[in-house]
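> Residue-level listing of the chains:
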Amino acid sequence: MGAFIVRRLLNYAVLVFIATSLAYLGAATAFHPKDMYLHKNPPAPAVVMYRELDERDSNPDKPVFERYAHWVDGVAHGDFGKTWDLDSVSKHFSISVWVTVRLVSVAAVLSAVLGVLIGSFQAVRQYKVSDHSITFASYVIFAMPVFVLAPFLKLIAVQVNKAVGGDTPLLQYQGEIDPNATGFFGQLFSRADHLLLPTISLSLGLIAFYSRYQRGTMLDVMGSDFLRTARAKGLRKGRAILKHGVRTAVIPVMTLVTYSTITTFAGAIITERVFGWNGLGSWFTDATNHADVNSVAMITLFSAVLVLIAGMLSDVITAVLDPRVRL
Amino acid sequence: MTANLVARSGSGSAARPAGSPVLSVKDLHVTFGSEAGDVRAVRGVSYDLHPGQVLGIVGESGSGKSVSAMAVLGLLPDNARVTGSVELEGRELLGLSDREMSKARGKDIAMVFQDPLSALTPVFTVGDQIVEALTVHRRLSKDAARERALELLDVVGIPDPRRRFKNFPHEFSGGMRQRVMIAMAIANDPKVILCDEPTTALDVTIQAQILEALKSAQELTGAAILMITHDLGVVAGFADRVSVMYAGRPVETGAVDEIYYRPRMPYTIGLLGSIPRLGTAGHGRRPLTPIEGTPPSMVDLPDACPFVARCPIAVSACQAAEPELLPAGPDSHPSACHRRADLESGTIPIDEVYPLPVIPETSLDAVPRAERQPVLEVKDLSKHFPLLRGAVFKRRVGTVKAVDGISFEIREGETLGLVGESGCGKTTTLMEILELVAPQAGSIAVFGREAANLSGRERMEMRKDIQIVFQDPMASLDPRMPVGDAIAEPLRTHGWSADRAAARVSELLKLVGLEPYHAARFPREFSGGQRQRICVARALALSPKVVILDEPVSALDVSIQAGVINLLDELRAKLGLSYLFVAHDLSVVRHIADRVAVMYLGRIVEIGDVASVFHAPSHPYTQALLSAIPLPDPRRERERSRILLPGDLPSPANVPSGCRFRDRCFKYASLNEAEQVKCRDEDPTIVARPGEADHATACHFAAALEVV
Chain A
135 MGAFIVRRLL NYAVLVFIAT SLAYLGAATA FHPKDMYLHK NPPAPAVVMY RELDERDSNP
195 DKPVFERYAH WVDGVAHGDF GKTWDLDSVS KHFSISVWVT VRLVSVAAVL SAVLGVLIGS
255 FQAVRQYKVS DHSITFASYV IFAMPVFVLA PFLKLIAVQV NKAVGGDTPL LQYQGEIDPN
315 ATGFFGQLFS RADHLLLPTI SLSLGLIAFY SRYQRGTMLD VMGSDFLRTA RAKGLRKGRA
375 ILKHGVRTAV IPVMTLVTYS TITTFAGAII TERVFGWNGL GSWFTDATNH ADVNSVAMIT
435 LFSAVLVLIA GMLSDVITAV LDPRVRL
Chain B
85 MTANLVARSG SGSAARPAGS PVLSVKDLHV TFGSEAGDVR AVRGVSYDLH PGQVLGIVGE
145 SGSGKSVSAM AVLGLLPDNA RVTGSVELEG RELLGLSDRE MSKARGKDIA MVFQDPLSAL
205 TPVFTVGDQI VEALTVHRRL SKDAARERAL ELLDVVGIPD PRRRFKNFPH EFSGGMRQRV
265 MIAMAIANDP KVILCDEPTT ALDVTIQAQI LEALKSAQEL TGAAILMITH DLGVVAGFAD
325 RVSVMYAGRP VETGAVDEIY YRPRMPYTIG LLGSIPRLGT AGHGRRPLTP IEGTPPSMVD
385 LPDACPFVAR CPIAVSACQA AEPELLPAGP DSHPSACHRR ADLESGTIPI DEVYPLPVIP
445 ETSLDAVPRA ERQPVLEVKD LSKHFPLLRG AVFKRRVGTV KAVDGISFEI REGETLGLVG
505 ESGCGKTTTL MEILELVAPQ AGSIAVFGRE AANLSGRERM EMRKDIQIVF QDPMASLDPR
565 MPVGDAIAEP LRTHGWSADR AAARVSELLK LVGLEPYHAA RFPREFSGGQ RQRICVARAL
625 ALSPKVVILD EPVSALDVSI QAGVINLLDE LRAKLGLSYL FVAHDLSVVR HIADRVAVMY
685 LGRIVEIGDV ASVFHAPSHP YTQALLSAIP LPDPRRERER SRILLPGDLP SPANVPSGCR
745 FRDRCFKYAS LNEAEQVKCR DEDPTIVARP GEADHATACH FAAALEVV
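Heads up: the protein sequence lines correspond to chains A and B, in order. For reference, each letter of the first sequence is one residue, going 135 to 461 in our numbering. For reference, each letter of the second sequence is one residue, going 85 to 792 in our numbering.
Treat the hints with care, as some may be off.
Simulated DEER-style distance windows between Cβ atoms [said to hold, decoys possible]:
1. Ser118(B) x Val282(A): 38 to 44 Å
2. Gly357(A) x Glu790(B): 43 to 49 Å
3. Thr397(A) x Asp464(B): 54 to 60 Å
4. Gly357(A) x Asp435(B): 42 to 48 Å
Result set (BS3-like, lysine-lysine): computed pairs, CA atoms no more than 30 Å apart in a straight line [what the hints assert, rightly or not]:
5. Lys191(B) x Lys275(B)
6. Lys262(A) x Lys187(B)
7. Lys371(A) x Lys191(B)
8. Lys226(B) x Lys371(A)
9. Lys377(A) x Lys226(B)
10. Lys762(B) x Lys463(B)
11. Lys371(A) x Lys250(B)
12. Lys762(B) x Lys377(A)
13. Lys377(A) x Lys463(B)
On the chain B side, residues computed to face chain A include the following (Cβ under 8 Å) [said to hold, decoys possible]:
14. Leu159
15. Ser186
16. Val207
17. Glu216
18. Ala217
Hints in this document: simulated from the structure, not taken from any laboratory. All values reported here derive from a predicted model rather than from experimental measurement. Ideal Cβ placement from N, Cα and C applies to all residues, glycine included.
Given only the sequences and the hints, what does the whole structure look like? Please build it.
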């Protein structure tokens, strides 16, 4: 088992390196940071421009592989280069990543739990009105992209605030926290208030997605012999379904849930933009807008690491949940 | 009423109904709502079950036997409407809430299900699942529950319970899992144990073990057992009373001897006549009497005897009203037949209810075996598979010796039965033969031609002569292909024109007892037996000389099975076919085969003509196998003593040294030290029995022993 994990991790390191290198080379070829300077109004002096481009390791006069080698060398020494405004990439990352973590953590856990519960509930009440309505709602959510859903939520918030009235709006939808909030509970409340709408925007799609899968696997389990055995032993229906049914049906769904949950942490571009959170998603769009190769490479590196962690974790979780696949 | 009968017949030794019944079911009806209309799955079932008594419920699929048991437990789906009365020690169970019913389930009434492979939750250890059965009904400390669970595992015969306690269901064999089910069922000393086909999914030697385990579990708890099965053999030896169900109703009920020796309902008579029997003396080609037709649909049943369409002695009264379950005479048991009086008085002799089909003789039967041409010769055939480990990096950790050096030959017009339990290498043998290429080791020759030396073209030609019928007719026909196309497929593959093929398809359909217009229909429009006939027609399309039959009747109901067996017998005679008949059911093989080969762990341990092998089996495994088969004959069943083999079939990846049967062999255990060394060190070769023309055994200490 130990040797197996070491071998997997080595594999992963190679994969992360390849993915990040490809992203770097792609971005370095596609982006033209020099044009950005040339289109500035008023234009920056050539000396300043070249100095800054050199500092960002993005001087188009240098061959791309030379820039790449320089970047790899830096990364090997823990230096990820400079962003478009000459800030340190590492520093920017260490700030943005926590913004994203604060934004998506609640949504990730909530959608996993609710998705599994709602899916199971639907399976138990298959073809009843509740099952049909949840299915219908899921498809409505599937049909609605986040860039529609998020502004739509905002619109509702505005109406609610109008209806409620008062000095400060009841539902907040811009940023992480009200800078004027004071005291531990005041700040906590303000954070929760700001988190409400983005969390709904992130969760709805995931819940719809997970619950469809859970409903399917749960339906297979509902007719299974071992559930009948559990009830024949004297377990009540609800308890038998929860202990023997959900526990078994959740195994294949967990692979999916783990994977999507972990990769959510790579940033939620649209939700972050709409609700004004400066997380990885916002950073990524800014970086592409400013032809910033180093930032794009950094975010790709992080995403690659997340994908591989997700893969590893979902294998481990499956092995923990399902004795049949233990090594 | 039945109570008197039981006392009079004096069958069995189990407790006589004394006092009040523990479980009393009266006029139980179960109806399922469906789009086609109400499905009346159970239509009036009544029985009393007394402490320590075993009631067998016999019937074919769809007769309502399992549904009635689930109704007693209150475990039917929500769309079932249950009426009538189910009383447990005088307390009405129907209409109880799930909460109250749960208190009785598993405590007073326990259940053992058919398929032990899926009846245990895969993600919990067996120990935890037994502990759960205990703690759900009473307060027990963790240690006390564990001790009790270990005790239960020991009681049902699981070796090394302490270690096995922590194992998961997938680490157990089918038989062991069924033992765990029994352990859970008896955990709370139930008053009634419902067994739904508890041994159907198991091999015959394991079945014998499980029935024994059930019997001792019953003795231990004094519970009454309701045994649901389609196997008339299992009931004969196990039950005190039998109830035969047809179309949702009991059609005959009484003491076990009454039902088997004095049946008073044509359906029961038909069932008993349609099972092949081990015990028939001589070269047993007594044709079986199949029950024609299929059971009626349970939607909109008319007020007529539901069996009328299949009954050979039906009269107009049978169309007019459904018969009541009444005794046929003053000292007879109840049966539901308008002609029960005629059956009772002997006006209609029981043996003549069903016309005996005539199976034609073939001219080849007159030719001595030695003078006939061999059609299939297999010599020292081996097939070993590498055993691999590792998900990412595969490495070889062993060898599975699926087939390990077997030899046999089949001559013209002859049927060789190949029998053995699951995992013994039967199917691998077939696949090797059908591939018609050089095997890993040994040789395969068809009509004297080595498969190894065939060119691609010759091999294609050769395939015409050797065809196969598979076990499951539902799975082996493409559901989206009209059966005519399915039968024509081999013809078209071998270059027949569409017109010629169509003509041949009509001919074939008639040959197997179907109609030419059936060609345009899809497989789902046929019953199981008819589908198997279609598969036979497909196999016969190219007029093969050898047909390989891989468990051709084991997926079919008994009454349907008989029709297919008779058809195969008839075709063999008509077309001069040779069969390689693979089966785990020795009674079927006894009925249809001329010669039989018994396989164990990749080897043939005994081979010879059926009469010698079945009447004087000389390998201990054959003896145990034959002895494990329950006979549909209560008196003989009571007199028999069984040879019970310990343990499960070893894995072919880990074959014991010397004789591969020795660690389960009862004879080995009785040998002295010097003799045991021989079994341990020397792999026995298969040698002819002295003084017998066609009988060979692979045992150092072979000796004939009559067990049937």
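> Would you mind marking each hint as holding or not holding in the structure?
Hint-by-hint comparison with the structure:
1. Judged by the Cβ atoms, the range 38 to 44 Å given for Ser118(B) and Val282(A) holds: they are separated by roughly 43 Å.
2. Between Gly357(A) and Glu790(B) the CB atoms are about 47 Å apart, so this pair conforms to the stated range of 43 to 49 Å.
3. Range check, Thr397(A) to Asp464(B): Cβ separation about 57 Å, and the 54 to 60 Å hint holds.
4. Remark: the range hint 42 to 48 Å for Gly357(A) to Asp435(B) is upheld by a beta-carbon distance near 44 Å.
5. Proximity of Lys191(B) to Lys275(B) is assessed by CA-CA distance (about 8 Å); at most 30 Å being required, the pair is judged to hold.
6. For the suggested pair Lys262(A) and Lys187(B), the alpha carbons sit about 28 Å apart, so the restraint of at most 30 Å is met.
7. In summary, the hint linking Lys371(A) to Lys191(B) is supported, as the alpha carbons are separated by about 16 Å, within the 30 Å threshold.
8. Between Lys226(B) and Lys371(A) the alpha-carbon distance is near 24 Å, which keeps this suggested pair within the 30 Å criterion.
9. With a C-alpha separation of about 18 Å, the suggested pairing of Lys377(A) with Lys226(B) holds against the 30 Å cut-off.
10. Restraint check for Lys762(B) and Lys463(B): the C-alpha separation of about 26 Å stays at or below 30 Å, so the hint holds.
11. At most 30 Å may separate the alpha-carbon atoms for a hinted pair to count; Lys371(A) and Lys250(B) meet this at roughly 26 Å.
12. For the suggested pair Lys762(B) and Lys377(A), the alpha carbons sit about 53 Å apart, so the restraint of at most 30 Å is broken.
13. Of the pairs offered as hints, the one joining Lys377(A) and Lys463(B) is violated, with about 54 Å between alpha carbons and a cut-off of 30 Å exceeded.
14. Checking Leu159(B) against chain A: minimum C-beta separation of about 6 Å stays under 8 Å; hint holds.
15. A distance limit of 8 Å between C-beta atoms decides the matter here; for Ser186(B) the minimum to chain A is near 5 Å, and the interface restraint holds.
16. Interface restraint check: Val207(B) against chain A, minimum CB-CB distance 6 Å, threshold 8 Å, status holds.
17. The restraint placing Glu216(B) at the interface with chain A holds, with a minimum CB-CB distance near 7 Å, inside the 8 Å limit.
18. Using the Cβ-Cβ criterion of 8 Å, the hint placing Ala217(B) at the interface with chain A is satisfied: the shortest such distance is roughly 4 Å.
When each numbered hint is compared with the structure, violations occur for hints 12 and 13.
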